[in-house]
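**Q** Sequence:
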Amino acid sequence: MATSKILIYRDYGVSDLTNLTKGLRCYFEPKGIEVSFTDASAIIKDDILNKNISLFIMPGGAATPFLQKLQVQGNDKIRDYIFQGGNYLGICAGAYYACRNVSFETDIEPLAIKRENELLSIVQACAVGTLKKELNLRPYMKNEESGAVVKLQWQNQDIYYAHYHGGPKFVSEHENYDILARYADIEGNPAAIIRQNYGKGRIVLSGVHFEDRGDDLIKTLHALRIDFDKAQNIALKLKQNEQSRKILFDKIMSSFEK
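Take the sequence shown: its letter number 128 is residue 907 in my numbering, and every next letter is one higher.
Worth flagging that the hints you see were computed from the coordinates, not collected in a lab.
A couple of the hints might just be wrong.
Unchecked claim - Taking lysine-lysine pairs in the DSSO-like style, the calculated list, with each CA pair at most 30 Å apart, reads:
#1 921 / 1018
#2 810 / 830
#3 1025 / 911
#4 784 / 824
#5 1018 / 830
#6 824 / 930
#7 1018 / 1030
#8 1018 / 998
#9 830 / 912
#10 998 / 979
Predicted model only: the values in this text are computed from it and were never measured.
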């Protein structure tokens, strides 16, 4: 990365950014690259996505509120930024948001979302989630009853561990993207992390929250949580596999430097 700033989208619909921000700053600040935030207004009115931005990150949360704030001008500016040579990282909701098609909890009417060519539509894939049946989870909720620790196989080689919470698998009849990692403990090993060029720029999408550390999740635990037992198990398993998760984090970040 030749330029000196990374921007995380922080606006309506975005979930807690503490873990992501901490991980990014630990990785990039020693390289002299600043990590900061932006929102829909700055993207649309201030043209903040320019050649001085090394990487734009659309984090987890909910994709529909992203659309409400960014359509149509915001999406156009994000697309143009990437096409002209920028980098986009989408995590969970940010990954759904980048795909041409989205299929979310379509078997549960109150939760169902199905979109075609309505979001950024810059990756020719269908983002299909959640993986509740594959991972034996509850339908999507904000607590850890819908969460898990999953195994990922990186480019058919090493195994890494990460926090799953509502993200997609990526499906396409005509793959024009590289599969960086697959869900190793799901039948058929569907794509979990993908990379695609877009014009002069690059896109990486992750169905998992690779930024989440077990130690940080442990700090949020208390006995009155309805999901305490499940959350504790997830946090402890992530803590046991922290070295693996950290290597995965670094691999994803370095994929923008190649």
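**Q** The structure should be examined with respect to each hint, and the outcome stated for every one.
**A** Against the structure, the hints come out as follows:
1. For the hint pairing residue 921 with residue 1018, the CA-to-CA distance comes to about 21 Å; that is within 30 Å, so the pair holds.
2. Taking the CA atoms of residue 810 and residue 830, the gap is near 18 Å; set against the 30 Å cutoff, the hint holds.
3. About 25 Å separates the Cα atoms of residue 1025 and residue 911, which keeps this hinted pair within 30 Å; it holds.
4. Between residue 784 and residue 824 the alpha-carbon distance is near 19 Å, which keeps this suggested pair within the 30 Å criterion.
5. Under the criterion of a C-alpha separation no larger than 30 Å, the hint pairing residue 1018 with residue 830 is inconsistent with the structure, at around 38 Å.
6. At roughly 41 Å between alpha-carbon atoms, residue 824 and residue 930 are farther apart than 30 Å, so this suggested pair is violated.
7. In summary, the hint linking residue 1018 to residue 1030 is supported, as the alpha carbons are separated by about 19 Å, within the 30 Å threshold.
8. A C-alpha spacing of about 12 Å is found between residue 1018 and residue 998, which places the hinted pair at or below 30 Å, so the restraint holds.
9. Taking the CA atoms of residue 830 and residue 912, the gap is near 42 Å; set against the 30 Å cutoff, the hint is violated.
10. Of the pairs offered as hints, the one joining residue 998 and residue 979 is violated, with about 41 Å between alpha carbons and a cut-off of 30 Å exceeded.
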